[in-house]
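Fit chain B to the supplied structure of chain A, relying on the hints for placement.
Chain residues, written in single-letter form:
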Amino acid sequence: MEVTLGQVLALLGAAMAVFLPGIGSAKGVGMVGEAAAGVVTEDPSKFSQTLILQALPGTQGIYGLLTGFVVMQRIGILGENLLPLTTYQGLLVFVACLPIAIVGLLSAILQARAAVAGVGIVAKRPEEVAKGITYAAMVETYAVLALLASILMLFGLKLA
Amino acid sequence: MAIVKMKKMYLFGLNEERDKIVGVLQKLGAAEIADLKEEDIDIDITEHKFPEQVGNELSKLELKLSRLKYAIDFLKPYGKELNPLIYGRPKTSREKLQDLLNREREVFDLIDSLSGLDQKLSRLKTEESRIRNQVELIKPWERLDIPVEELGETGSVEARAVVVSKKNFKAFRDKMAEKELAVEIIPVEEGREEGFLLIVYHVSAKSDIQEVFKEFSVDTERFEGFTGTPAKILAELQERLKAIETERQRIKAEISTLVNRLLDIKALYDYWFVERQKKENFMKMAGTEKVFLMKAWVPEPSVGAVKEAITSVTSAAHIIFTEPSEEDDIPVVLSNPRLVQPFEIITELYSLPNPREIDPNVFMAPFYFVFFGMMVSDAAYGLVLSLLSGLALWKLKLKGMGKKLVELLFLGGISTFIWGMIFGSWFGDLIKVKPLWLNPLDNPLAVLFLSFGLGLIQIYTGIILSAYKNIRNGKIVDALLDQGLWLVLLTGLVMMAFPNLTRIAKYVTIAGAGGLVLTQGRSQKNILKKFISGLLSLYNVTGYLSDVLSYSRLLALGLATGVIATVINTMARMLGVNIFGYIAMLLVLIGGHLFNVAANALGAYVHSSRLQYIEFFGKFYEGGGKPFQPLRIETKYVDLEV
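Residue numbers (our numbering), protein chains in the order written: chain A, 1 to 160; chain B, 1001 to 1642.
Hints are computed from structural coordinates only; laboratory data are not their basis. Certain hints may be false.
Stated by the list, open to error - Just a few of them, taken from the derived set where beta-carbon distance is under 7 Å, the chain B residues facing chain A:
#1 Arg1192
#2 Phe1196
#3 Leu1349
#4 Pro1444
#5 Ser1552
#6 Ala1556
#7 Val1563
#8 Val1567
#9 Met1571
#10 Leu1575
#11 Arg1610
#12 Gly1623
Claimed, not checked - Listed next, the in silico SDA-like pairs over lysine to any residue satisfying Cα-Cα at most 20 Å (straight line):
#13 B:Lys1008 x B:Arg1632
#14 B:Lys1399 x A:Asn81
#15 B:Lys1008 x B:Leu1293
#16 A:Lys158 x A:Asn81
#17 A:Lys158 x B:Leu1445
#18 B:Lys1278 x B:Leu1445
#19 B:Lys1636 x B:Ser1066
#20 B:Lys1076 x A:Pro44
#21 B:Lys1636 x A:Leu91
#22 A:Lys131 x B:Leu1036
#23 A:Lys131 x B:Gly1623
#24 B:Lys1403 x A:Ser48
In this text the structure is predicted, and so the values were computed from the model without any measurement. The C-beta atom is built at its ideal place from N, Cα and C for all residues, glycine as well.
Chain A extracted, bound-state conformation (with noise of 0.2 Å):
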């Protein structure tokens, strides 16, 4: 089969949906866990507290993913045949991810220090964590919106 730069360039694109804000969520769910184990060895009743935060900015890795699969899913990389995609069909593809490839990757480590700043809520005031869940939840709106274009993007283009 031949193989097109269109379909490397949409390749390209779902590969940086996924790793970037694999990255971004990698490195926040890692900060927010080196916060969370301070708190925890003074008070490891605070776990499951701290656990809630520390999964806030892991959900950028998983919107990456569902956004990869969206295209492995369009280009029919799933199944048996590959779609002879053009180079602008390929290039379409690889800007609908950029969305959440870059979004996804900023916001994540954004809402890691707003999450680490909870833990420092959970350390003082155990029962006002909701509010610390709150300000790291307003980062992840981004997220959700980048996700939304590029996922709105995918299914609007015309590939077949």
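Below, chain B without anything else, positioned relative to chain A:
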């Protein structure tokens, strides 16, 4: 439904009956005793040693509690506790408690003997670590078969056990050889970094040798306090270690026989804990030599019960119930239908309503319910959530916040199930069922518009509630001009989206916008300023726009669940090639879907809450209420029957 009305109670009583009266209130658990310090009262409490005397009683209680607590913590590792989440807390009857109080001296004697045993254990531990250190020190000399007391000077010959670091060893030896001293070096043992040597020399060489020792920093081992060969010493030390271990086991066995008293100690602790809570409230009262004055908050429905309880123990108390005044900081307690109660936790985690506004729970609950389900949106996941949380509610003895949270998950599961049916998603695409409406993957835009629609409904509700609040406070003009005109403008803008309504929409929008420009500056004095603030107020449209767009997360998170479920299914299907593949497939399916349920339930909880906090509460809700915390019987370990 909503915030329960509070009454302010003042009570005059006799000091000698104070304990009885507060005790009966504590048993009832319907009154929060408030501090009188801020009130302007004509009683000079400093003259009478009221707080001081209470303080003394409290510190005595504190001492008792700390000793009981010590015993509980000390005994804890020796006994097995039944998990209170599954078996509930142990109960202590009134007779048992009375009996315990009579035998209190004996319990405290028991605690004394426990702390004696504790000290013994820690002494054993110190000795053990000392001996272990000695063993470490002597171990390398095991092969030296000279009794250690024979080392040192014996006439004209000296024998020394020395330690030299390995890297110096060769140089040390060469130096000795070079100086041609009358010395014999016998290696005893080689450690990882050090060599252990026996050195025998003639006294005449002593000063030279000591110089060499200094040069190569050689240490002499003196075995102070020991006699016999190192092997014998080691054997003795090991013997002692064994003896220590036996002694420790004996003490632990002794402690284990006392573990059955743990429940008694806990019951006693709880009794005094409750007593302390009661006495702490005495500090908030005022009094003279004979009488005391108390202020308390009582929810209106409990007023009768409180009166009855007090009159049942005394006839010499004067009670007054009044309406709270404007500046009173009234504690807040909510009363909602059973179905709405689990949602209270969402508001509580944000902030309780302040006592002079509306309780948002009834309005928030339906939105939360719908949004939660829409974000998870898988029928099978909904069933799993409801089944698991239902099981937890049935089998576990949950209380307070935890119970509300699990109930919330149960309701969320139901909503998730409904949305899953609407979208035709059962473990993603694992079980193919025709959707009641459509599959969001086929037509995401339709679901996006549905999300915006739901968001608009919630935003409208928020604006209307804000108008209601204004009307309730008598600001009818504000309600009409602020919230009313915005509703008109927003309605116009929404109508624009429908092609066949565009013409009317134009007029509605212009009417709304014009009204706002003309009225929003009404607090300004200057006519020009009035106009400018009116015009600027239109900028708030962007706020409403971003609010509506924020609801797109309903679609996005719903899609996320579905697509991840599909990914899991696809991965699992790829594995199903042979028998091991099928097992792996099953594991991937179970693990993957469980992970997806957990991750998305968390996401749905967080984002559904956010929509309430920012988009909904932002419109009308103030919060900042102080929770009603009645004096009641609150125990830590057991359920007391008092």
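Verification of the hints:
1. Arg1192: Hint on Arg1192 of chain B: violated, closest Cβ of chain A at ~33 Å, above 7 Å.
2. Phe1196: violated, 41 Å
3. Leu1349: holds, 3 Å
4. Pro1444: Where the cut-off is 7 Å and the nearest Cβ of chain A is about 6 Å from Pro1444 of chain B, the hint holds.
5. Ser1552: holds, 5 Å
6. Ala1556: With a minimum Cβ separation of about 4 Å from chain A (threshold 7 Å), the hint on Ala1556 of chain B holds.
7. Val1563: Status holds, d = 5 Å.
8. Val1567: Hint holds; Val1567 of chain B Cβ to chain A Cβ min 5 Å, cut 7 Å.
9. Met1571: violated, 10 Å
10. Leu1575: violated, 14 Å
11. Arg1610: holds, 5 Å
12. Gly1623: violated, 11 Å
13. B:Lys1008 x B:Arg1632: With a Cα-Cα distance of about 18 Å, the restraint between Lys1008 of chain B and Arg1632 of chain B holds, given a limit of 20 Å.
14. B:Lys1399 x A:Asn81: violated, 56 Å
15. B:Lys1008 x B:Leu1293: This hinted pair holds, its Cα atoms lying about 13 Å apart.
16. A:Lys158 x A:Asn81: holds, 16 Å
17. A:Lys158 x B:Leu1445: holds, 16 Å
18. B:Lys1278 x B:Leu1445: Since the Cα atoms of Lys1278 of chain B and Leu1445 of chain B sit roughly 61 Å apart, the hinted pair is violated (cutoff 20 Å).
19. B:Lys1636 x B:Ser1066: holds, 14 Å
20. B:Lys1076 x A:Pro44: Distance ~17 Å between Lys1076 of chain B and Pro44 of chain A Cα, so the pair holds.
21. B:Lys1636 x A:Leu91: The hint is violated at about 64 Å.
22. A:Lys131 x B:Leu1036: Given pair Lys131 of chain A, Leu1036 of chain B is violated - Cα atoms ~32 Å apart, limit 20 Å.
23. A:Lys131 x B:Gly1623: This hinted pair holds, its Cα atoms lying about 13 Å apart.
24. B:Lys1403 x A:Ser48: With a Cα-Cα distance of about 16 Å, the restraint between Lys1403 of chain B and Ser48 of chain A holds, given a limit of 20 Å.
This entry does not satisfy hints 1, 2, 9, 10, 12, 14, 18, 21 and 22, going by the numbered hints stated previously.
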